[in-house]
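With the sequences and hints as input, model every part of the structure.
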Amino acid sequence: MAYSDKVVDHYENPRNVGTLDKSSESVGTGLVGAPECGDVMRLQIRVNPETHVIEDAKFKTFGCGSAIASSSLATEWVKGKTIAEALTITNTDIVKELALPPVKIHCSVLAEDAIRAAIGDWKKKNHVTEEVGVAVAAAH
Amino acid sequence: MDYFHIFSLPTKLTVDLPALEKSFYALSRKLHPDRFASRPAAEQAAALAESSNLNDAYRTLKDPIARTEYLLKLEGIELEEQSKAATEVARTTGVAKKQIVPPDLLEEAFELNMQLEEMRMAKKMGEDDPQLRHDLQAAKSAFDAKMSATQAELESLWSKWDAALDTNNAAAKTAARDAMVSLLNRRSYLRNLVRDVNEALET
Ligand code: FES
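Each protein sequence line maps, in turn, to chains Y and S.
Residues -5 to 134 (my numbering) are what the first sequence spells out, left to right.
Residues 1057 to 1259 (my numbering) are what the second sequence spells out, left to right.
Hint data in this document are derived by calculation from the structure and do not stem from the laboratory.
Among the hints, a few may not be true.
To be verified - In silico DSS-like cross-links for lysine-lysine, where the CA-CA straight-line distance does not exceed 27 Å: (1) LYS16(Y) with LYS117(Y); (2) LYS1153(S) with LYS73(Y); (3) LYS52(Y) with LYS1153(S); (4) LYS75(Y) with LYS1154(S); (5) LYS52(Y) with LYS1140(S); (6) LYS1078(S) with LYS1118(S); (7) LYS52(Y) with LYS1180(S); (8) LYS1129(S) with LYS1202(S); (9) LYS118(Y) with LYS16(Y); (10) LYS117(Y) with LYS1140(S); (11) LYS1140(S) with LYS118(Y).
Claimed, not checked - Partial list, computed: chain Y residues near chain S (C-beta under 8 Å): (12) THR84; (13) ARG110; (14) ALA111.
Please read these numbers as outputs of a predicted model, since none were measured by experiment.
Each residue gets a CB set at the ideal place from its N, CA and C atoms; glycine is no exception.
Below, the structure written as structure tokens:
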């Protein structure tokens, strides 16, 4: 199967591969899997406790090229965003950016799941319960 | 006509394999090209198509996993669709998506993949780490054992499904169906891991 240039680029030069300290209060870890193919992905974020801005993100993915590219892109996208903003990223955005074919959609779903799982873990650790909506609330 | 009907079987998962084989041969004989040699081309073609469908049906029903997957498909279960739908629910509700595979298995899968990577790296450098090899060997046995356990588990779910079908118990059918889905998901992880470990240990 032919991968798009963007996929190949992320695959050959993945951004932000690595590990953050799982036990740190400010780190959220998401470990997710795609049952369709048996691949696994871990995505971690380090969040500023004051501003809720994601200051760093790392990933490690055992899976296909699209999964690696999706998670690499996901870490790039979440960096610098607030928790609420990061939650608005969907797998469709990833599919579009990487021009993934239909058979590779589940790989992008995996990346969205990983972002959500990492944020969920961070929230749990920090007892953040505030309802972070899908859309960033418009200013009234 | 679905594969079970081709063999006049109920949509049950416990299958009498010798009987299935017998009826496969009987049906094959009926469709044998020799019998159609003097028939019009259209009839010959139809028999050929039917015979290849019969072959698919036999191959699917003969294999325990393929048979289960096929039945789940008849029940309208598409794994990929399920996972995507669950992500959409998580997105709109803000509630964390429940992973279909148990978290501890994901954890194990991840750990094992890390070790495999280490092993491959060591090999590339022309080194062999006996400790690592030993760990992988141990992991392999553990996953092999888990893999065989899924077989027994699957068979007990078959009985549950078949019984629910007999008593026409919709709730029990759904329960058996969902349990089979999660079992097959777990199995696909185990299968990948076993395959990767074998590869790493061999080369
Ligand atoms: S094929 Fe499994 S994540 Fe892409």
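Against the structure, the hints:
Using a Cα cut-off of 27 Å, the hinted pair LYS16(Y) and LYS117(Y) holds, with the two alpha carbons roughly 14 Å apart. Restraint check: the Cα-Cα separation between LYS1153(S) and LYS73(Y) comes to about 22 Å, which is no more than 27 Å; the hinted pair holds. A distance of roughly 21 Å separates the Cα atoms of LYS52(Y) and LYS1153(S); the hinted pair therefore holds under the 27 Å criterion. Proximity of LYS75(Y) to LYS1154(S) is assessed by CA-CA distance (about 25 Å); at most 27 Å being required, the pair is judged to hold.
The straight-line distance between the Cα atoms of LYS52(Y) and LYS1140(S) is roughly 24 Å, inside the 27 Å bound, and the hint therefore holds. For the hint pairing LYS1078(S) with LYS1118(S), the CA-to-CA distance comes to about 12 Å; that is within 27 Å, so the pair holds. A C-alpha spacing of about 25 Å is found between LYS52(Y) and LYS1180(S), which places the hinted pair at or below 27 Å, so the restraint holds. With a CA separation close to 25 Å, the supplied pair LYS1129(S) and LYS1202(S) stays within the 27 Å bound.
The straight-line distance between the Cα atoms of LYS118(Y) and LYS16(Y) is roughly 13 Å, inside the 27 Å bound, and the hint therefore holds. Taking the CA atoms of LYS117(Y) and LYS1140(S), the gap is near 23 Å; set against the 27 Å cutoff, the hint holds. For the hint linking LYS1140(S) to LYS118(Y), the alpha-carbon distance of about 24 Å falls within 27 Å, and the restraint holds. Hint status for THR84(Y): holds, given a least beta-carbon distance of 6 Å to chain S, under 8 Å.
Interface hint status for ARG110(Y): upheld, as the beta-carbon distance to the closest one in chain S is roughly 6 Å, under 8 Å. With its C-beta approaching chain S no nearer than about 6 Å, ALA111(Y) sits inside the 8 Å limit, and its interface hint holds.
Of the numbered hints listed earlier, not one is contradicted by the structure.
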